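Number of protein chains: 2
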Amino acid sequence: MSESERKRRSSKPRQAKAPTIVDVAALAGVSMMTVSRVINSEQKVRQSTRDAVNAAIAKLNYAPNRAARSLAGASQLRLGLLYSNPSEAFLSAFVVGSLEEAGRSDVQIIVQKVEDGEDLGLAAKRMVAGGIHGVILPPPLNEANEVLRVLRQTDTPTVAVTTAVPHEGIATIMIDDRSAAREMTAHLIELGHRRIGFIVGHPELSASGARLEGYREALAEASIPFDEALVAQGYFTYRSGLDAAEELLSLEDQPSAIFASNDDMAAATVAIAHRRGLDVPGDLTVCGFDDVALATTIWPELTTIQQPIMEMSRRAVELLVTLLRNDRKDQIGDLRIEVDYKLVRRQSDAAPRRRPAMRPPVPSWG
Amino acid sequence: MSESERKRRSSKPRQAKAPTIVDVAALAGVSMMTVSRVINSEQKVRQSTRDAVNAAIAKLNYAPNRAARSLAGASQLRLGLLYSNPSEAFLSAFVVGSLEEAGRSDVQIIVQKVEDGEDLGLAAKRMVAGGIHGVILPPPLNEANEVLRVLRQTDTPTVAVTTAVPHEGIATIMIDDRSAAREMTAHLIELGHRRIGFIVGHPELSASGARLEGYREALAEASIPFDEALVAQGYFTYRSGLDAAEELLSLEDQPSAIFASNDDMAAATVAIAHRRGLDVPGDLTVCGFDDVALATTIWPELTTIQQPIMEMSRRAVELLVTLLRNDRKDQIGDLRIEVDYKLVRRQSDAAPRRRPAMRPPVPSWG
DNA sequence: GCTCATATCGATAACGCTAACATAACAGAA
DNA sequence: TTCTGTTATGTTAGCGTTATCGATATGAGC
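First to last, the sequence lines map onto chains Y and R.
Following the numbering used here, the residues of the first sequence are numbered contiguously, the last one being 366.
Following the numbering used here, the residues of the second sequence are numbered contiguously, the last one being 366.
By construction, these hints were calculated from the structure, which means they are not laboratory data.
The model shown is predicted, which means the values in this text are computed figures rather than measured ones.
Hints are not guaranteed to be accurate.
The list treats identical chains as one, so a pair stands whether inside a single copy or across any two.
The list that follows gives simulated cross-link-like pairs (lysine-lysine, DSSO-like), each with its CA atoms no further than 27 Å apart [stated by the list, open to error]:
| no. | residue 1 | residue 2 |
| --- | --- | --- |
| 1 | Lys342 | Lys113 |
| 2 | Lys59 | Lys17 |
| 3 | Lys329 | Lys44 |
| 4 | Lys17 | Lys125 |
Let the sequences and hints guide you as you build the complete structure.
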């Protein structure tokens, strides 16, 4: 066999060629079909094989070739990500997580915002009409009935992320909010706190209730009576945290610790404490929930419950892809995926200062 | 129930498949290769043949399949996006922008994170080894010498986004930091401020210097003498902003406004102001730079300079694609693209409170 | 007439991937 | 054991286009 001189005039002298599915297969010691299965989240692949393939993918820095894929007939999945105005810190982590997974599985994510005052149902309809195969819902839209109704009616597979109470026909990815809040509260109790303030989250979100429950449970377990006055209503916003903290710190018998239902409100609490000349954590322990970027931006950095938001949105995409590609979208309603949270201690908590026990009320100016 | 008939396996109402080059060839009575030549306006086709093919194309309403084209033709472009740990908010906007453009231009984006403590040069090498045609660099990696060195050595076309001072051989997409800072400072002056504090950013990032320059220019234009004491060093972190703000507010002759080089430090300034019992903006105007999520999370929301991040990363991809597709990658080093910033006014700025010392002479009773 | 160069055009092999079918591997049932 | 049925993996055949090179015409020059 004579081989022809293939020397083409190379304008690109030494450009390594992009790794293909074959390279990955060779490295992993499997056939390319198996690699294809792994990147498409198909089911019938043994875990060990899957791991080997993923390792090879990572090592080679492989990314599937879109053109080839769509040529070969793979339908391009399109997932919608509908959001309104949650904490932006939260949203960013959320979007990054889903985009990351989307790149891997080569699905398209249509990110769409519902403006304030816009009709939610309409927005959902518009999204569905755009030819979407599935929808991912971060809070607070994941508990907005108008949205959920439309998605159910149009039979659109949907994953809600971070709802504490699952809605019918809609998959849920969550942490155990109740037990996380209980753990944090127990931690504060163990530090020696007895008067622990609590700032509740938005009343319409199920996580708020779950976290409050956890707080109460921990108190009960430690036989500390529940004091209604120590609970202030918030709405998950920094602004609402300001008011709630003000309320709690104006109590005659001030709390020595405040546990806010999210980091934004915890940050606000720190701000109020400082404004009142209180040292955190010297005079007041403050902790939050979520562990968004804000928690480590401010000083002192917040002790908080880490909710793996990126991981959760990543899983949401993965879940939808798996179900849609394996034609099992009817099973979606039953799915509840719980991921692990973690209590991360930073600088905002400490044992209470030896309290001037039962000190008489300070003269108030109110 | 006689619906089984209805549900019969769908017969022929097959949706008409798009005509392919073969269909055109058949209709025109030529080979598909000739059709390909006509489509690509190559020269060596007889006019009569060309006409016949064009007629067939028109009759069939044929449009070439993009995926197939890029698969068969020039290898698909792959661009790397290397990031470390910037603000997540920044990153998500950045990623969304580039992915959007990537979809449009039919290129692949390989997103890779450099973990904390990981060797930067190595990470860059790994990326290049993956057969990448170009790299996009968000901050802070776009000024990391280890990364830039590797990219230059391997002759990898690179675009840095948001560097104020271009690095040699590397294209830059930026806003005019200097003029933005000047505009903000001028805005404060116009509000009536005369003593304006400035918190400088990290000394190793070029944007810091540019912003400081802009501040000085605006002062000069308004004939306000530059006072070294009003400039405090920061490092773009909240923590450093705390210290800097403390320094500025401890001056005997306090500033009536503080302009921080980014939003994190501006937020810290607000916190310090509150701690000192100063109302923002009543007693102190504070403004920032960047318009990240934090700017609208805290209260009052920050007046700041908005950088169009999505637009910038979109342009970065567009730029690389254009250069690579047209084989002009040697020109990349000279490119500087400037996009528009915007001063967004929110609630953290106001006219200075009239200070007794500065007031025009008051009628005395002595 | 013949040989060559030149224009045209066509046959075939990639390109990287997945669908569909084929086979191996490993259970459990008979 | 042998059969049967899953489950996990491999093989083959395209998807619609362009590259490459070979195959025809066409025509000039001898």
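Hints and how they fare:
1. Lys342 / Lys113: The answer is between: 22 Å across copies meets 27 Å, while 30 Å in one copy does not.
2. Lys59 / Lys17: within (15 Å within a copy, 39 Å between copies)
3. Lys329 / Lys44: For Lys329 and Lys44, the Cα distance is within 27 Å only inside one copy (17 Å; across copies 44 Å).
4. Lys17 / Lys125: between (43 Å within a copy, 15 Å between copies)
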